[in-house]
Amino acid sequence: QLNALAESGFDPLSRTCRFMLTEEAHHMFVGESGVSRTIQRTVDIMKQHGIEDPAEVRKHGVIDLQTIQRYLNFHFSVTVDLFGADQSSNAATFYSSGLKGRYEETKRDDDHVLKGNQYKILEIQGDKIVEKEVPMLNSLNEVLRDDYIRDSIAGIGRWNRVIEKAGFGFRLQAPHKAFNRHIGTF
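Residue numbering for the sequence shown follows the numbering used here, beginning at -15 and increasing consecutively.
Relax, there's no trap hidden among the hints.
Straight-line C-alpha distance at most 30 angstroms; calculated DSBU-like pairs for lysine-lysine:
no. : residue 1 : residue 2
1   : K149      : K43
2   : K104      : K161
3   : K116      : K161
4   : K43       : K31
5   : K104      : K91
6   : K112      : K161
7   : K104      : K116
8   : K149      : K161
9   : K99       : K161
10  : K31       : K149
Taking CB as the label site, the calculated pair distances span:
no. : residue 1 : residue 2 : range
11  : P38       : R(-1)     : 45 to 51 angstroms
12  : A162      : Q102      : 17 to 23 angstroms
13  : K31       : V118      : 47 to 53 angstroms
14  : D95       : G34       : 57 to 63 angstroms
15  : S20       : D95       : 39 to 45 angstroms
16  : T51       : S81       : 43 to 49 angstroms
17  : S81       : F163      : 29 to 35 angstroms
18  : F58       : E7        : 21 to 27 angstroms
19  : I137      : K31       : 22 to 28 angstroms
20  : G151      : P119      : 44 to 50 angstroms
21  : T0        : K104      : 30 to 36 angstroms
22  : T51       : L5        : 30 to 36 angstroms
23  : T0        : N164      : 31 to 37 angstroms
24  : Q32       : K91       : 42 to 48 angstroms
By construction, these hints were calculated from the structure, which means they are not laboratory data.
All C-beta atoms, glycine included, are put in the ideal place defined by N, C-alpha and C.
Given these sequences and hints, build the entire structure.
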């Protein structure tokens, strides 16, 4: 969200958000590296004792990988809800008026006006989740959410390399973006 606001045409907001992003990068580094150290300690204990059973792993005072996955599922789903409804006239208005941009707006190769542009969102039809094309201008929350998900999956990949390097087949994964949602279609 800060990245989108840093693209604002309202200079005081843009400058403030850019400053905040510097601090946020530090928080993200501390959080990601802290989880990475937790995973490293877990796999060290697993390797040292030749165990993979979560109950046995916990007996050695570390957090088992399945519990880490469980908390990842929770925090991921809560966080993706923070981006708001899948379609939002407010997001369209803020974007059109220049108050909010998109993540890495300058790297996008469209006309930045978005009139006539489409974006695929998910919706429920009967008992299935299907893709539906909607005006991109109204789906900017979903665009930002998808950018966040891609970035999060890259971080999860770094954690998985710690597990893989230790010789274990377990892989952390992001849940489906519809998992445990309370805002929007899901």
